[in-house]
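Keeping their order, the protein sequence lines are chains A and B. Read in order, the letters of the first sequence correspond to residues 1 to 484 in this note's numbering. Read in order, the letters of the second sequence correspond to residues 1 to 485 in this note's numbering.
FYI, nobody ran anything at the bench for these hints, they're computed from the structure. There may be inaccurate statements among the hints.
To be verified - Cβ pair distances, simulated, as ranges:
#1 B:Gln-375 <-> A:Gln-250: 27 to 35 Å
#2 B:Gly-367 <-> A:Lys-175: 35 to 43 Å
#3 B:Arg-378 <-> A:Glu-244: 49 to 57 Å
Quick reminder that beta carbons are idealized off the backbone N, C-alpha and C, glycines included.
Residue strings, one per chain:
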Amino acid sequence: MNQWEVVIGIETHAQLATVSKIFSGASTAFGAAPNTQACAVDLALPGVLPVLNKKAVECAIRFGLAIGAEVAAKSVFARKNYFYPDLPKGYQISQMDLPVVVGGAITLQVGQGEKAYEKVVHLTRAHLEEDAGKSLHEDFHGKSGIDLNRAGTPLLEIVTEPDMRSSDEAVAYAKVLHALVRWIGICDGNMQEGSFRCDANVSVRPKGQAELGTRREIKNLNSFRFLKEAIDYEIQWQINEIEEGRKIQQATVLFDPDNGVTRVMRTKEDAHDYRYFPDPDLLPLIISADWIARVKSELPELPRQMRDRFINDLGLSSYDATALTSSPEMADYFESTVAIAGKANAKPCANWVMVDLAARLNKEGKELADSPVTAAQLAGLLLRIADNTISNNIAKRVFDALWNREGATADEVIDKQGLKQITDSGAIESLVDEVLAANAANVAEFRAGKEKAFNALVGQVMKAAKGKANPQQVNDLLRKKLIG
Amino acid sequence: MINASLKQLSQALAAKQISSVELTQLFLDRIDRLNPSLNAFVTVNAEKSLNSAKAADARIAAGTAGLLTGIPIAQKDIFCAEGWRTTCGSKMLANFVSPYDATVIRKMESEAGLVSLGKTNMDEFAMGSSNETSFFGPVKNPWDQARVPGGSSGGSAAAVAARLAPAATGTDTGGSIRQPAALCNLTGLKPTYGVVSRYGMIAFASSLDQGGPMAASAEDCALLLNTMSGFDERDSTSLDRPLEDYSRDLEKPLAGLRIGLPKEFFGEGCDAEVMAAVRAAIAQYEKLGATTVEVSLPNSHLSVPAYYVIAPAEASSNLSRFDGVRYGYRAPEYGSLDDMYMKSRAQGFGAEVKRRILIGAYVLSHGYYDAYYLQAQRIRRLIANDFVEAFKDCDVIMGPTSPTTAFKLGEKAADPVQMYLSDIYTIAVNLAGLPGMSVPCGFVGGLPVGLQLIGNYFTEAQLLNVAHRYQQATDWHQRRPAGIE
Chain A
1 MNQWEVVIGI ETHAQLATVS KIFSGASTAF GAAPNTQACA VDLALPGVLP VLNKKAVECA
61 IRFGLAIGAE VAAKSVFARK NYFYPDLPKG YQISQMDLPV VVGGAITLQV GQGEKAYEKV
121 VHLTRAHLEE DAGKSLHEDF HGKSGIDLNR AGTPLLEIVT EPDMRSSDEA VAYAKVLHAL
181 VRWIGICDGN MQEGSFRCDA NVSVRPKGQA ELGTRREIKN LNSFRFLKEA IDYEIQWQIN
241 EIEEGRKIQQ ATVLFDPDNG VTRVMRTKED AHDYRYFPDP DLLPLIISAD WIARVKSELP
301 ELPRQMRDRF INDLGLSSYD ATALTSSPEM ADYFESTVAI AGKANAKPCA NWVMVDLAAR
361 LNKEGKELAD SPVTAAQLAG LLLRIADNTI SNNIAKRVFD ALWNREGATA DEVIDKQGLK
421 QITDSGAIES LVDEVLAANA ANVAEFRAGK EKAFNALVGQ VMKAAKGKAN PQQVNDLLRK
481 KLIG
Chain B
1 MINASLKQLS QALAAKQISS VELTQLFLDR IDRLNPSLNA FVTVNAEKSL NSAKAADARI
61 AAGTAGLLTG IPIAQKDIFC AEGWRTTCGS KMLANFVSPY DATVIRKMES EAGLVSLGKT
121 NMDEFAMGSS NETSFFGPVK NPWDQARVPG GSSGGSAAAV AARLAPAATG TDTGGSIRQP
181 AALCNLTGLK PTYGVVSRYG MIAFASSLDQ GGPMAASAED CALLLNTMSG FDERDSTSLD
241 RPLEDYSRDL EKPLAGLRIG LPKEFFGEGC DAEVMAAVRA AIAQYEKLGA TTVEVSLPNS
301 HLSVPAYYVI APAEASSNLS RFDGVRYGYR APEYGSLDDM YMKSRAQGFG AEVKRRILIG
361 AYVLSHGYYD AYYLQAQRIR RLIANDFVEA FKDCDVIMGP TSPTTAFKLG EKAADPVQMY
421 LSDIYTIAVN LAGLPGMSVP CGFVGGLPVG LQLIGNYFTE AQLLNVAHRY QQATDWHQRR
481 PAGIE
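All chains, full assembly: derive it from the sequences and hints.
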C-alpha cells in the first residue's frame, strides 16, 4: 500500500434549484405522479424546441463566482447523441467544448486535531446540462416503464482536476461542495432524491511516477459513506490487480453497497461515440459583465469568508469556525445566537450549538431547521450563564425545559421552576453547616487525607440546594470550614 | 373565385359575396375531384375545415375579422396542427395526431383566421427535391402529370398550381419552397432565417429550415408572410425584431435597382432554354429601370457538398426522437430494446431518410468531425461572406431557381447526386440564411421556369416589391395548367 499513490477526480451532478426545467416551462418538483410534469418539449414531440431557463444560468454564474472561477462570456450547448428510452430526444443537451464555468478552486480542511491539514482542490470546469428521465423496471410484467418527470431538470456538472489523494480527501471535497451549493442556494443537496450525486475517477500509480495510472470511474454515488466505501474498495482492488501482474482496463463501474464491491458497467471498447456537435436550436450563451456583476452583488458571504471572520473577529478555533460554516442553517443559527448573546459569548455559543444542540438534534433525528429551541432562546440561556444566574449544569436543565416547550424563554423557565442560582453566602453557609454536621464520617475521612470525601461533601451540599447553589461558592466555603 | 387573389377573396368575404364556408366548400370539392390524381393532400378533414370556416364567418359578421380571415389555405404536413394528423410524409408518423399547434399554425389560423383545407404531401421529412420520397406516394405536377412538382413542398406547390387552394405554406431547407414554386409556376418566398418561427415545424436541419408562403403572386406572399412571421419566445433562433408590413413597398418603382448577376449562376450546368427565359426576365427588369452588374459568388460550387454535410448531420440528430418509444411507428415484433429501435427505424423510415441519417452520423463521428462537419461550417462562412461582398455592389441577386424545368417521375430517383444538383442554385441561400424567392418567368415546352431573387438579410419587403413590379408587367404568374377548371 505504501508505495502506491492514489489519484482521485470527482464529477458531481448538482440538480439546480429552479422552479422550472432548463429548456421548458414544466415544474421540477420532486415526487409527482409519473409523467405529470413532462410537457411537449420534455416529451420531445415532433417540432418542439428548447428555450434556455435564465435562472439555471444564474445558478451557474453564482457557482462560478463562489469558487473564483472564470464565468465564460460565451459558452455553447452541444448535443450528446445516444439512444435510451428515458432520453426522449435521442440526445442530451449539454456543454462540451465551451462550458459556462472554467477553473476555480475549493479549499478543504481534511481530518481533525493534530493531523488536520488544508487542501486545495482545483476545478476543471462546470457546465449546464439537462437530466434524463427514469426507467422503471419493476411492476410492469416484463415491460419497462418510463417516467419523464425528471427529463429536462437542470444540472450543473462540476468536474475537478485529479487532485485528491485519498478517500478522506474525496469525501471532504464532496462535503464542502455539498455545503457550498446549498449555501449559495443553487441546489437543495438532497442526496436521497438524487439532487447531488458524485462520480469518482480513481487510479493508482507508484509513488514518484508522474504519469497517471489508468482510471476507472465509479458512477452515481449518492451518499458520502458510499463515496468513501466505493473509493476504498476500488483503490484496494486496483492495487491488488497491479501487484498480481494484471493491467487496469479503463472502465465505468457501479458500486454495490450491499456487498461493498464495484462492478464493471462498460469498458472503453463499448464506449459510445456521442457525436457531439453544437445544438443548432440554441444560440451560444452570452453572459455579459453586467449580468455577472448583478449576480455577484446578490451573492451571500461565502463559507470560507465567514469562517475567517469567525476566527478573526470572534476568536474561534479553526476547527469550530469550519464546523459552524459547514451548512447555511448552522451558520445562520450560530450568527443569530451570537447577535443576541454578544461577541463575548461567542465561544460558549459555539460549544452549545455544536455540542449540546447538535447532540440533542442528532438523538431525536431532527434537522436544525426543526429545532424546538430557537437561536433567541439559546442566546437568552447563555446570557443567564454569563451573568451567573444559573450554572452550566442547571443550564442543561433549562435547555431541556425549552426543548420540551415548558417555557417561552430561559428566564421564564428559571423563574417558574425556581432554578435561579443561590449566591447568597449566608444561605450557602447554613447549608454547608447542616451538611458538615450530618456527615461526620466524610469530614473525618477528608481530614485523614482522602480528597474524595471532599467531593462527596460538595455533592451533599448541592443536593441540599437542589443543584442551585453556586458551585464555586460551595467549594470555597466548604474548604474554608474544613481547613480553615 | 378559384383564380382570385387573396386580396380579391378578402374583399368578396368582407362584402358578403361569399361566405368562408362556401369558399371552403368550393375548394374542398376541388380537392375531392382533383386530388386523387394529383396526390397533393395527404390529409383532408372537411368537418374541421368547415368548423374553422364557420368561426371565420362569425368573426366577419362580428366585424372582428382580419384581412385574411375566412380564406382557405393548404398547410404543408410538416407543421404540427392540433387535432390534425401530422405525418411529415413519413410512415414513422403516419398515425401521429399532433396535440399542439405550431406557432405558424397558431398565427395563421387562431389569430389571422385563415381556414386550413388540409395537410399537403411532401418529401419524407422534407428530404427530397421531387416529392418522390413521400411515404404517401409521389405528387404529380399539374402542368404535366408525368412529371414531378419539385420538392420537398411539392404537395403545397401542386395544390396551389391546380387551384385546390388559394395559397399554401411551405418550408425551405435547401430550396424546398423555391424549387417546387419554379416547377409549378408559383411565387414562393423563403424568408431570412429567424423571421418565421420554427416551433412546431418538424425539424429537418435546424440551422437551415425556414417556413414561408407559396402563392400565385408576390402580393399574396406578402399578405401571408405578414401573418406567419414575428418573434416567438418558443424558438431561440427566432429574431426579436419589430413587426413589419411586408406589403408596404409593393408598388415602389424599380428605377435605380441594381441587380447582381453572379457569373457562377450563368455558366455551365443550366438548361439553355431555362437560361434564355431567365435572361429575358432580366431584360424585362432593365425595361423597368433596373441596372445589372456582374457579381461573383466564388465559393458557390462548394454549397452542395457543404450542405450535404451540415443538413444530414443535423437531421441525424433531429430524427433520433423517432425511436418508437413514445409515439410514432413501432415495429410489430422485436426482441431486445436495441432490436426494437433498429426494426422500428428500419421499417419506419424510407431510403432517402436513412441515407441522410447515415451520412449525418458518419460526419459527426469521432475522427471525422473535423474533416467534415467543421470544414463544412468553415465553407458555410465563406459562402455567407461571398454574399456580403456581392451585396456591396447590388440590391438584389438574380438567376435561375432550378437548372431545369420539371423532370419526369422516376427520372432522377435512382441517382441521388443528380437529384441533389437540382438545388444547386438555391442551397447557398439557406447556408447564408438569406431571403430568397422564385417568381414565374416563362415556359419551356409548356413547363414553367422560375426566376430566383436573392436579397440581403431582412429585405423581404424589397424582394416582394421587385417581384410584384415584374408581375404587374408580365402575366406568367397568371397562367394556369390546362384541364384544372
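Exercise for review: Report the numbers of all earlier hints that the structure fails to satisfy, in ascending order.
Suggested key: none
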